Amino acid sequence: LAGATGGVAVRPVCGIQRDNGTKMSQDQQAVNGVSCVSKVLTLDTMNPNVRRVEYAVRGPIVQRAVQIERELREGVKKPFTEVIKANIGDAHAMGQKPITFFRQVLALCSYPDLLEDNKFPEDAKKRARRILDACGGHSIGAYSASQGIECIRQDVARYIERRDGGIPSSPDNIYLSTGASDAIVTILKLLVCGEGRDRTGVMISIPQYPLYSAALADLAAVQISYYLDEENCWSLNVEELRRALKEAKQYCKPRVLCIINPGNPTGQVQSRQCIEDVIRFAKEEHLFLMADEVYQDNVYADGCKFHSFKKVLFEMGPEFSSTVEMASFHSTSKCYMGECGFRGGYMEVINMDPQVKAQLTKLVSVRLCPPVPGQALLELVVNPPQPDEPSYSTFMKERTAVLAALGEKARLTEETFNSVPGITCNPVQGAMYTFPCISLPQKAIDKAKEEGLIPDMFYCMKLLEEEGICLVPGSGFGQKEGTFHFRMTILPPTEKLKVVLQKIRDFHLRFTQEFS
Amino acid sequence: MYVMHEICSSVKNMKQLDFSVLVRRANQIKEELKQGVKKPYRELIDVSWGDPHRTGVKPLSFVRQVLAGCLYPQLLESNRLKVDVRQRAQRLLETCAGGSVGSYSDTAGLTQTLKKVSEFITRRDGGVPSHPDSIYISPGSQWSLTNILNILVNPEASPKTGVLVPAPSHCVTTQSILGLGAEVLPYYLTEEQGWALQVEELQRAFDSAKGVCKPFALYIINPGNPAGGVQSRKSMQEVIKFVSEKKLFLLADEVYQECVYGENVEFLSYKRVLAEMGPPLSETVELASFHSASKGLIGECGLRTGYVELVNLDPSVLKLLDNLFSTNSCAPVLGQLTLDLMINPPQPGDPSYPLFYEETQRIRTTLIQNVRQVFEVVNSLPGFSCQPVEGGVFAFPRVYIPPKAIQKAKEVGMEPDTFYCVRLLEETGVLARPGSEFGQKDGTHHIRFCIMTPQHIMEELLRRLSIFHTKFMKEFS
Numbered sequence: 001l002a003g004a005t006g007g008v009a010v011r012p013v014c015g016i017q018r019d020n021g022t023k024m025s026q027d028q029q030a031v032n033g034v035s036c037v038s039k040v041l042t043l044d045t046m047n048p049n050v051r052r053v054e055y056a057v058r059g060p061i062v063q064r065a066v067q068i069e070r071e072l073r074e075g076v077k078k079p080f081t082e083v084i085k086a087n088i089g090d091a092h093a094m095g096q097k098p099i100t101f102f103r104q105v106l107a108l109c110s111y112p113d114l115l116e117d118n119k120f121p122e123d124a125k126k127r128a129r130r131i132l133d134a135c136g137g138h139s140i141g142a143y144s145a146s147q148g149i150e151c152i153r154q155d156v157a158r159y160i161e162r163r164d165g166g167i168p169s170s171p172d173n174i175y176l177s178t179g180a181s182d183a184i185v186t187i188l189k190l191l192v193c194g195e196g197r198d199r200t201g202v203m204i205s206i207p208q209y210p211l212y213s214a215a216l217a218d219l220a221a222v223q224i225s226y227y228l229d230e231e232n233c234w235s236l237n238v239e240e241l242r243r244a245l246k247e248a249k250q251y252c253k254p255r256v257l258c259i260i261n262p263g264n265p266t267g268q269v270q271s272r273q274c275i276e277d278v279i280r281f282a283k284e285e286h287l288f289l290m291a292d293e294v295y296q297d298n299v300y301a302d303g304c305k306f307h308s309f310k311k312v313l314f315e316m317g318p319e320f321s322s323t324v325e326m327a328s329f330h331s332t333s334k335c336y337m338g339e340c341g342f343r344g345g346y347m348e349v350i351n352m353d354p355q356v357k358a359q360l361t362k363l364v365s366v367r368l369c370p371p372v373p374g375q376a377l378l379e380l381v382v383n384p385p386q387p388d389e390p391s392y393s394t395f396m397k398e399r400t401a402v403l404a405a406l407g408e409k410a411r412l413t414e415e416t417f418n419s420v421p422g423i424t425c426n427p428v429q430g431a432m433y434t435f436p437c438i439s440l441p442q443k444a445i446d447k448a449k450e451e452g453l454i455p456d457m458f459y460c461m462k463l464l465e466e467e468g469i470c471l472v473p474g475s476g477f478g479q480k481e482g483t484f485h486f487r488m489t490i491l492p493p494t495e496k497l498k499v500v501l502q503k504i505r506d507f508h509l510r511f512t513q514e515f516s
Numbered sequence: 001m002y003v004m005h006e007i008c009s010s011v012k013n014m015k016q017l018d019f020s021v022l023v024r025r026a027n028q029i030k031e032e033l034k035q036g037v038k039k040p041y042r043e044l045i046d047v048s049w050g051d052p053h054r055t056g057v058k059p060l061s062f063v064r065q066v067l068a069g070c071l072y073p074q075l076l077e078s079n080r081l082k083v084d085v086r087q088r089a090q091r092l093l094e095t096c097a098g099g100s101v102g103s104y105s106d107t108a109g110l111t112q113t114l115k116k117v118s119e120f121i122t123r124r125d126g127g128v129p130s131h132p133d134s135i136y137i138s139p140g141s142q143w144s145l146t147n148i149l150n151i152l153v154n155p156e157a158s159p160k161t162g163v164l165v166p167a168p169s170h171c172v173t174t175q176s177i178l179g180l181g182a183e184v185l186p187y188y189l190t191e192e193q194g195w196a197l198q199v200e201e202l203q204r205a206f207d208s209a210k211g212v213c214k215p216f217a218l219y220i221i222n223p224g225n226p227a228g229g230v231q232s233r234k235s236m237q238e239v240i241k242f243v244s245e246k247k248l249f250l251l252a253d254e255v256y257q258e259c260v261y262g263e264n265v266e267f268l269s270y271k272r273v274l275a276e277m278g279p280p281l282s283e284t285v286e287l288a289s290f291h292s293a294s295k296g297l298i299g300e301c302g303l304r305t306g307y308v309e310l311v312n313l314d315p316s317v318l319k320l321l322d323n324l325f326s327t328n329s330c331a332p333v334l335g336q337l338t339l340d341l342m343i344n345p346p347q348p349g350d351p352s353y354p355l356f357y358e359e360t361q362r363i364r365t366t367l368i369q370n371v372r373q374v375f376e377v378v379n380s381l382p383g384f385s386c387q388p389v390e391g392g393v394f395a396f397p398r399v400y401i402p403p404k405a406i407q408k409a410k411e412v413g414m415e416p417d418t419f420y421c422v423r424l425l426e427e428t429g430v431l432a433r434p435g436s437e438f439g440q441k442d443g444t445h446h447i448r449f450c451i452m453t454p455q456h457i458m459e460e461l462l463r464r465l466s467i468f469h470t471k472f473m474k475e476f477s
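Protein sequence lines, in the order shown, are assigned to chains A and B.
Residues in the first sequence are numbered from 1 upward in steps of one, following this note's numbering.
Residues in the second sequence are numbered from 1 upward in steps of one, following this note's numbering.
Read the hints as simulated data drawn from the structure, not as lab findings.
Here the structure is a predicted model, which means the values were calculated and not measured.
It cannot be assumed that every hint is accurate.
Said to hold, decoys possible - Residues of chain B placed beyond 10 Å of chain A at every Cβ, according to the derived structure:
1) K39
2) N344
3) V377
As the list claims (entries may be wrong) - Derived pair list, reagent style DMTMM-like, types lysine to aspartate or glutamate, alpha-carbon separation capped at 20 Å:
4) K58(B) to E258(B)
5) K404(B) to E358(B)
6) K189(A) to E6(B)
7) K30(B) to D133(A)
8) K496(A) to E415(A)
9) K97(A) to E77(B)
10) K12(B) to D353(A)
The beta carbon of each residue, even a glycine, is placed where N, CA and C say it ideally should be.
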């Protein structure tokens, strides 16, 4: 690296190897190794909580997938020509098209000169003007209030009221966020306190979306796992909640109950009765309810319906609706929009003590504000074209097509996996994933242990290497001891999905044969 | 119900800022003006944020046209947008998964954008190499700063972790530090010397930790916020030597690097100065430097995009940082593309260049003019003084609040400079921030306001401020 300023030989920086074509040379690594001896920030001096943070959705298997993609680009011969990333709930990456109306309004907000353009429909222009009027300096590039743009929060509140049959929602209880993840982590940060046996315990399902376990590890909260019932379509059993809570009381102070509905990774849509039972349980045990409802539009199975926790809570009467504390979360990343890259979302807080709410407001102010394009997008999601507006028919056509395709793919996936000996798959009632149970021969389990891998990671890695399909092993989400799963998204286009399902079927049979 | 004693104690330790009172009142006034209530002014002038668009500075046309093309690619099928705009949007969309800005990127950011950022850094730093693997794009620079602080701060440590922070300093960072359960150790910049940093003061701040906390990191803002100083190479070298000697992690907040005005003033990055000091320092001092698309001429605060470059970090720590960052998926993709546009603007010969040049020149000229005007006007008023603003987007003048006013402020339960700002807002419709929020030497008072505004706004602001200040001083004399 000669040639740097002043003729000084500048050493390369220490860097994590990302396999995107920019690997460091061997001796660079050696040098880095030597100079790492007396660092200020080391594994020992850093925050020990961060050491326990893991996030399987973007974990080791994905890193290997990216490496393989690089090898393919470099011309390395493999039994496949592309890696199919069925690990992450990213619809656009899999070819789903954005909703035209949303993108029109956002383009108008970005470059308002286009408001003069007659190629854009009036209803899009109307919304763009409303959003821009609410932005500082009429620009989406200005900071907004940290709680989010006021008129958008008002529209979110109205959306919630419409969705929940008229039950009132106050804009003051709405906090816009950078994706739902931001809001979830913020609430947990607020609610976790205490030491030793008084440390806050947070209940979360097994299996769960690993943001929760990661956040709990980072905050050194106590994770209280409650098992969903695989034999009964991943339903939630209040008796299981009771069991988990009773046990946890011995070593922590349970205060929060998290539930994901529709579920991730399991896809179950909770029945109304179940939701009532959970609310009753939360009231009995003085638990703060966190209802992650980001997949609320993704409901496919006959007989299944999305019931918002808030709606059920209020319909249970004032004994519950005035006492149970709750935060419910939504996002622009999923449903029929699939706009993950915008990082839009919100939470609604119910029955929060005003002093505590002031602390929450203070906490969110530290991150300045959520991305304004994401806020604008959220505005459109809660305020879509109405039947009397020009963009309505195209909008409904697109929305219906996306949800119908997802429903079809859910059914196809369940059917295909259930036809494979050794794979059992619960109906994909909602969300975007399937979480089938795979039975692994003992020899495979032993081989995995030999290689220092959890058996379903061993399985998924082999699938990746042989077929170029990237899934996430069930161990990344949590599962009953002795069982194995993987999570696959149902997002690839139908024709491609059929191929993927076929390949997994073939792989599974091969795998079972190989380790028999 | 969850009550106060069950809330995370470090969250409770975060200060409740006086500014929220001012904001509430400003919103009320806005409503009153809308309803036609008579006031001595027709519009508020909100200069409380480092937010150029809010004050009226226009977004750059090229940037917004490209973003519109990326958002709604149908626009690329006609000649509505210039050819270089269309080409750039096309190229950027190709770097996004599924050709859409609605898909996630990799945790650290879009591969192509990271590559461009590292090339930009190398160019900026006179050839000092930068590697994409050491860069993380984040939703605003504050996000990655807070998360790196999260890695640095052990909330269970006894004694607590201490972070040296300039006084005055950006209050958001101070809040983050408190919220994570660490202690803030202020080191006072020397106002009379253009807010220069004295190493002796760093030493004093470090020593003040004895028996209180264990200093672990040093946070520095260059160009400063709110103090508008730009560090000399010599000063930066002193800081680097200091952190090396005291075994501190260096956090260099450089988001205002494009905003430098003084005649003989040059922005140098900490990475560059460190590298040019040669080994052993260049190989051992651990540094995180932050930049953003929120400031500078592009001023896209609302898109929430920044990045951090990590230097000399332990690879095992980097791996864990990667895990931590991955839980938040990725930075907003539209913002990531904006970063690309920021560091690769139109070049002479491009169809969009003339307009781009015109717009950026206008902003630059206005800024330099504003800086000069503020200096002249404020320093001409008795009881008011302002150091030269060499960089950044704020003026932080000192207000010599009379004892009678200090007394009045005490009576109403406010800091004296908050009281000044409240009166300023009520009587002139100018929303500025009180110096007490940023940390200042005891007995001194300041206000902070953004100087990145259109020319006519600055003129009006200074007019209202002058009238108010003179009146205020007279009233409490």
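Here is what the structure says about each hint:
| no. | hint | in the structure |
| --- | --- | --- |
| 1 | K39 | holds (20 Å) |
| 2 | N344 | holds (18 Å) |
| 3 | V377 | holds (24 Å) |
| 4 | K58(B) to E258(B) | holds (17 Å) |
| 5 | K404(B) to E358(B) | violated (49 Å) |
| 6 | K189(A) to E6(B) | holds (12 Å) |
| 7 | K30(B) to D133(A) | holds (13 Å) |
| 8 | K496(A) to E415(A) | holds (16 Å) |
| 9 | K97(A) to E77(B) | holds (17 Å) |
| 10 | K12(B) to D353(A) | holds (14 Å) |
In this structure, the one hint that does not hold is number 5.
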